[in-house]
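Visitor: Sequence:
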Amino acid sequence: MPIKAYFINNVVLINDIEESRKVYFSGYFGKPINAEKVKEETDISSPLILNAFEALYLMEKGIIDLYYDDKKVESVEEAKKILNIIDRRERQYIIYRDLRNKNLKVRSGLKYGSDFVAYRLGPGLEHAPFIIHYHDIDEKFDPIELVRAGRLSHSVKKDFIISSLKDSNKTLYIIFKWFKP
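Residue 634 is where the sequence shown starts when you use our numbering, and the numbers rise one by one after that.
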């Protein structure tokens, strides 16, 4: 039976603590309200907040039912509108979903000025090995931005990945790694 999640004040909330623990540890989804570093189930003693991509992904997988204004959201398309996953964000979501389907644990990359960071194992178990930036395939790319991103990723010991979509849903990834000759 899917877990109830509520869209309230621009966040998606799972109120039940046991269900919050289940969702978090099923793939490191969301952030508990009162916990900084989560290593074990007992570290979660408050509701879980999901971002829009996490909520949509979990809804698509049948793990959560999303509620808005006390009504169950019946379709993915309706959820996308409610969660504001439209235009560029919808394309970013396709990348997010693809990375999740490849068993990576995907979190916000805001701290690094990117769209996502991704873990093989999970936050708290390793440092994220990847910084991922989404870029529309037909959009110009400033080479200075590429150098900046590459230098940042190198300084924090992460691979920098540019992601894009071809033909509206085929994912493309270009990985940049620093090396010493």
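Honestly, I wouldn't trust all of these hints.
[Unchecked claim] Calculated cross-link-like contacts (lysine-lysine; reagent style DSS-like; alpha-carbon spacing at most 30 Å):
| # | residue 1 | residue 2 |
| --- | --- | --- |
| 1 | Lys714 | Lys704 |
| 2 | Lys738 | Lys714 |
| 3 | Lys672 | Lys773 |
| 4 | Lys744 | Lys799 |
| 5 | Lys664 | Lys704 |
| 6 | Lys704 | Lys744 |
| 7 | Lys799 | Lys704 |
| 8 | Lys670 | Lys773 |
| 9 | Lys637 | Lys738 |
| 10 | Lys694 | Lys704 |
| 11 | Lys810 | Lys773 |
| 12 | Lys713 | Lys803 |
| 13 | Lys790 | Lys803 |
| 14 | Lys664 | Lys705 |
| 15 | Lys803 | Lys670 |
| 16 | Lys810 | Lys714 |
| 17 | Lys672 | Lys637 |
| 18 | Lys713 | Lys735 |
| 19 | Lys705 | Lys744 |
| 20 | Lys672 | Lys714 |
| 21 | Lys735 | Lys714 |
| 22 | Lys813 | Lys704 |
| 23 | Lys713 | Lys694 |
| 24 | Lys694 | Lys813 |
| 25 | Lys694 | Lys664 |
| 26 | Lys672 | Lys694 |
| 27 | Lys705 | Lys773 |
| 28 | Lys803 | Lys672 |
| 29 | Lys670 | Lys637 |
| 30 | Lys773 | Lys694 |
| 31 | Lys704 | Lys672 |
| 32 | Lys705 | Lys799 |
| 33 | Lys694 | Lys670 |
Worth flagging that the hints you see were computed from the coordinates, not collected in a lab.
Visitor: Is Lys705 close enough to Lys744, meaning Cα to Cα at most 30 Å?
Guide: The given pair, whose Cα atoms are some 33 Å apart, is violated under the 30 Å limit.
Visitor: Against the 30 Å threshold, does the CA-CA distance of Lys694 and Lys664 hold or violate the hint?
Guide: Given that 30 Å is the threshold and the Cα spacing comes to 19 Å, the pair holds.
Visitor: Next pair to validate is Lys714 with Lys704; report whether the Cα-Cα distance is within 30 Å.
Guide: Roughly 15 Å separates the two Cα atoms, so the pair holds.
Visitor: Below or equal to 30 Å on CA atoms is what counts here, so check Lys799 against Lys704.
Guide: violated (36 Å)
Visitor: Quickly compare the C-alpha distance for Lys713 and Lys694 to 30 Å and report which way the hint goes.
Guide: holds (15 Å)
Visitor: Take the C-alpha atoms of Lys694 and Lys704, compute the straight-line distance between them, and say whether it is at most 30 Å.
Guide: Answer holds: Lys694 to Lys704 is near 19 Å, not above 30 Å.
Visitor: Is it true that the CA of Lys672 sits at most 30 Å from the CA of Lys694?
Guide: holds (25 Å)
Visitor: Holds or violated: Lys813 with Lys704, Cα cutoff 30 Å?
Guide: violated (57 Å)
Visitor: Below or equal to 30 Å on CA atoms is what counts here, so check Lys670 against Lys637.
Guide: Roughly 24 Å between the alpha carbons, so the hint for Lys670 and Lys637 holds.
Visitor: Given the hint that Lys664 pairs with Lys705, test it: the Cα-Cα distance must not exceed 30 Å.
Guide: Roughly 23 Å between the alpha carbons, so the hint for Lys664 and Lys705 holds.
Visitor: Holds or violated: Lys735 with Lys714, Cα cutoff 30 Å?
Guide: holds (26 Å)
Visitor: Within a Cα-Cα threshold of 30 Å, do Lys704 and Lys672 meet the stated pairing?
Guide: violated (34 Å)
In the structure shown, a violation is registered for the earlier hints numbered 3, 6, 7, 8, 15, 16, 19, 20, 22, 24, 27, 28, 30, 31 and 32, in ascending order.
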